[in-house]
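Enquirer: From first to last, the protein sequence lines are chains V, C and H. Residue numbering for the first sequence follows my numbering, beginning at 10 and increasing consecutively. Residue numbering for the second sequence follows my numbering, beginning at 363 and increasing consecutively. Residue numbering for the third sequence follows my numbering, beginning at 205 and increasing consecutively.
Hint data in this document are derived by calculation from the structure and do not stem from the laboratory. Any given hint could be a false lead.
Claimed, not checked - Heads up, simulated EDC-like pairs for lysine to aspartate or glutamate below, C-alpha to C-alpha not over 16 Å straight-line:
| no. | chain 1 | residue 1 | chain 2 | residue 2 |
| --- | --- | --- | --- | --- |
| 1 | H | 274 | H | 314 |
| 2 | H | 350 | H | 296 |
| 3 | H | 611 | H | 420 |
| 4 | V | 331 | H | 832 |
| 5 | V | 93 | V | 52 |
| 6 | H | 975 | V | 239 |
| 7 | V | 298 | H | 849 |
| 8 | H | 250 | C | 443 |
| 9 | H | 975 | V | 319 |
| 10 | V | 331 | H | 848 |
| 11 | V | 288 | V | 239 |
| 12 | H | 612 | H | 832 |
| 13 | H | 478 | H | 420 |
| 14 | H | 964 | H | 974 |
| 15 | V | 298 | H | 850 |
| 16 | V | 288 | V | 319 |
| 17 | H | 975 | H | 848 |
| 18 | H | 964 | H | 638 |
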Amino acid sequence: MRDFSYLRANSVDAACQAAALPGAMLLAGGTTLIDLAKCGVTEPETVVDISHLKGLDTITVDDRGVTIGALARMSSVADHAEIKSRFPAVSEALWQAASAQLRNMATIGGNLMQRTRCPYFRDPANFPACNKRTPGSGCSAIGGVTRGHAVLGTSEACIATYPGDLATALVAFDATVHLGDRQVAADDFFLLPGATPHREHAIEPGEVITAISIPASAAAGRSTYLKVRDRQSYEFAAASAAVGIEFEADGRTIRDLRVALGGVATKPWRARAVEEALKGKLLEADIVKQASLLAIEGAVDHGANHYKIELAPRVVARAILKVGETA
Amino acid sequence: MTSKTRIPIQLQINGHRHELEVEPRVTLLDALRDHLGLTGTKKGCDQGQCGACTVHIDGQRVLACLTLAAQAQGRAVTSIEGLADGDGTLHAVQAAFLEQDAFQCGYCTPGQIMSAVACIREGHAGSDDEIREYMAGNLCRCGAYPHIVAAVRQAALEVASSMETAS
Amino acid sequence: MTVHEIRTRQSESKRGDASDGAIFAEAVGGRLSRVDGPAKITGAAKYAVEQQLEGLSHAVLVESTIAAGKVRSIDTAAAESAPGVLLVLTPDNVLRLNTATDWLGTPPPDVPYCPLARDITFSGQHVAAVVAESFEQAVAAAALVKVSYDETPAIVDLDDPKAGDGIPVDTMTKEWGDAQAAFTAAPVRICAAYNTPREYQAPMEPHGLIAHWQGDRLTVWEPSQWLDGMARTYAEWFGVPFENVRLVSPYIGGGFGSKAFAYGYGAVAAMAAKMLGRPVKLAVTRPQTFTAYGGRAATRQTVALGADAEGRIQSIVHRGVNETSVDGMWVEPLGSVTSIMYATPNFSSRQNVVRVNTVVPGALRAPGENPSAFGIESAIDELAYEVGIDPLEIRLRNYAEQDPEVKKPWSTRQLREAFAVGAAAFGWSKRPREPRSMRDGNQLIGWGVAAGTYPVRRAYGEAMVRILTDGSVEVESSSIDMGQGTYTILAQTAAEVVGVPAENVVVKLGDSRYARAGVTGGSRLAGVMTGAVHKAATAALDELVGLAISDPNSPFHALQANTLVVSEGRIRSPRGDGPDVSIAELLGSVGREQIEAMGDTTPATWTAEDRYKNNTTITMALPHTEGDYSRHSWCAHFIEVRVDEDFGTVRVSRVVSALDSGRLYNPKLAESQWKGGIIMGIGQALLEEGIVDRRHGRIVNNNLADYLIATNADIPDIEVISVGIPDLHSSLLGGKGVGELGIVGVAPAIANAVFHATGKRVRDLPITLEKLI
């Protein structure tokens, strides 16, 4: 880890100013920044510690939805009674992420800034080529070990998977990211790699995530997060789905449906085609399974990750049926 | 407070105040082990992937390897050395680990125990499956898992009954 | 603080654990809780690299980023001028070291040994090292060392077209009858290939050391499964007498075969310490643990079984291959279970090793037996389906009543009992034969069985036992406890023999200044050391009783007894008449400080050189087929899996294993080791695989987030049942091996269960979801 200066910010404004300094990086939970600094991926000149800022960790729930302060810990949000009852997919995505210790450290804001787990990205000493780290240097993953890499949203420059769970739920339920006064839809906050994989988030220098908000909806209230992985716990998703459903009064016809995928794409992946295909339809296994295939429209594999193309629609279908069949 | 070289920090560890001067990049884990000689907290991976360095900060279980020592200033740190009572009486979780033989080599054990204490406190020891999930962040290569579950289950019951007695 | 100063609550658990009828927890065979437990649960146990030394400096390794080629140049300028840097080591400024004798006792060639490479044979090889005042400074400076290479094509793995067929290992060839002809003539034939990937020990404590020179004396604090073997290596590297090197390893955070040797990084640290004249600590990073020493070699086997229509095996033809490194030799004996598990009149097993650009592979829990069992125990399951009989029945039908290879009787083989007891506890009789016949919602359920075995590796040992002034007993040995329970079972042994409570026994291990000991590996330590301690304690007791009878100042002197009884730390006559005094009182009255006795199980004819070889090589070990018997531990695993039919994910939901390790010195601790082996086997079956980037010949999942070992959430309750009986052909006190046994047969039991669940036979470990989806 390269040497750096340490600065404790005592206000959001101070944090914004410090964050705009060249080489400055914000430190909240530390689970991404310190990890990547040890890997040699990030080399901050100045670490701006915002973890002690007051008032940024509140969780406010009202009829319109929930607003979560950027410094709220993943564990606090996961265990929050009203989030469990009104946004179960959010709670489930959180408690299935990482480990209890990491969830006690990581903040919601920091979680949105989580970086990919691509092994080539994480090992600059052995793999100098990485367009995400060094624009124009090439992609070491393409042609390499790709079992964990994305099949959706990839480009010739980058196939790195977005690893997070929470954001998958956030894009499913139309959450908003608050950057002080500026607001960005969660779906827009995460950028496709395209030719610029080093740009991952729609956040500008000097901006700080202050909160996220999730609008209340019937679909969010009847939702789940299904995560499939090799290991039962403490692992990133092979494929996951955040799904919410709202029925018509008959209790069988789908009025509203939200579907987003994790673990298979370069960003949290909203599957609107699946949603549209099933709105107005009855919740029947065959129909759901057929429509779920739309989740991987346009998918491209790189050999070892081909299974994700098979797996993802099955995860989506299971999640829809599970949440639909839950009384 | 901005410095690339050593900075003075004060840490509150197991109820004792420690003054030290470290580079900002020194992690809480290395501060404990190398600077303060508190080696009960273990370094298994140094990258947040094993749980051996689990300590409590303000009562919450966290990983010392991904926490800067400077970040912990102003917070209360508890490590395995501070878990037993001052008179040496073991915490219920420690006693249960011994009784259930919930460890072999012992290297992941301090982290397991710190994690288990928090797991019970959080209310995540309600069933064996819940214990397994909420203890999954502490790897054990000797494979003591079933005995760890038994120890957490036993300690959770003891903690619950002692709280009933107290109330 | 030592273990024994904080013996908190130990007596409570003792009371609660008395079991096995009349056996007290404290005696051999009792369920005494770990005596080193209090230190481990309070954080007081100081592991090797946790020693706090004045003037300690920190070393960090720089590793090669290519798999084959030459180092063209190393630019150390930036590193050398970085803050706190004391020394940058490269092949250009190393001390000249000697090549050391290997563990097989092979005399070393008279060529220098350089732990930093110019010729690169694998990715991750040490090429330089940086020593600095602080760990952080060393890490940062190591990143500034710029190495340039002339890269040449690498052979990346067994599948590399350049790898070829490899080198035949004639010593692995085992043949009787005419296996090929009998196979061709057999009415039922199956033949399949079984593969295991590179697997890693991944102990929770990474490797490392603190090296400290005082003159020409070297002290090394290093986690070690073999203090004396490693001390010899350090001594020979640096050309100092063996006695000048002290290894200290009080606790070991897991080894699983990986901590028996001194490796290159040890030479680097000791060299740096010598050059700097101050102690150097080198902690191998977690990613470096994948290349600083070797894990289990990747293996390939083909198993051909010829049988009659009732499933009786007529012939086994087995071919195996394991990878080794370009310049080192590792043989993973793949025919070891194949040749003894089942009776067959015709047998052929041969093995090749293939050189690839990897670190030389090494021992990982049950080397040889583990992959060997995956082959034969999968194959016999396939044969069961081929002939249409139950997988348990086919194993009984081919039960080997004697060792089929050496044609000697088994010393003990409780495998039939293991099958019977395990099957009953598991409910095997309720198993429907057809695959895909049990389900629970989306989960397909399957039941599988497999057997396992491990040879009884015997060696000679010695120990020191002292009876101290206060009546307590001290045991000393340079053997170690890495979680198997050595501290505890040796306390039990000494307590039982001398006649004192176990809490009055202090066991000191892990320091090469103590009575010398050979390797801890191959499940030999418990048998060797309980025997040695038994002998030493008996000698100490004899001297104590002798003093009590014959010393003129003894209160028993007037009694003119032939013998006396010592129990609970007190001395009495057998009839209970006369004095009743504590050991301390007796020693006081006869004016003795202590009684000290060395004991050993070594032949009386041995010279000092023989003892040296016994403690620093494996050349003096006894073959398990020596004399009239063939000696092995045995087990049977019954495992239930649940496979998600859509996702292909496999979870183990139930395990019942019945195991024959002979007599158990402490069942509580033996059960823990068995379960640990089973759990590692679950990981091996479903998760563990070193994944090579074939363009670079480099392991890319070299960390604990990507090299997946089982978590708590992956493991169900596990029932282990001991079916062993004392085997006095195997050890002085009747035990066989424990630690290696449990893992053997787990992976095939799971693969067999997966087949039963899904109808898909997976012959390549691990059984990941894409293989079933």
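Enquirer: State for each hint whether it applies.
Expert: Each hint tested on the structure:
no.	hint	in the structure
1	274(H) to 314(H)	violated (23 Å)
2	350(H) to 296(H)	holds (15 Å)
3	611(H) to 420(H)	violated (53 Å)
4	331(V) to 832(H)	violated (63 Å)
5	93(V) to 52(V)	violated (38 Å)
6	975(H) to 239(V)	holds (12 Å)
7	298(V) to 849(H)	holds (14 Å)
8	250(H) to 443(C)	holds (12 Å)
9	975(H) to 319(V)	holds (12 Å)
10	331(V) to 848(H)	holds (15 Å)
11	288(V) to 239(V)	violated (32 Å)
12	612(H) to 832(H)	holds (6 Å)
13	478(H) to 420(H)	holds (9 Å)
14	964(H) to 974(H)	holds (12 Å)
15	298(V) to 850(H)	holds (11 Å)
16	288(V) to 319(V)	violated (23 Å)
17	975(H) to 848(H)	holds (12 Å)
18	964(H) to 638(H)	holds (12 Å)
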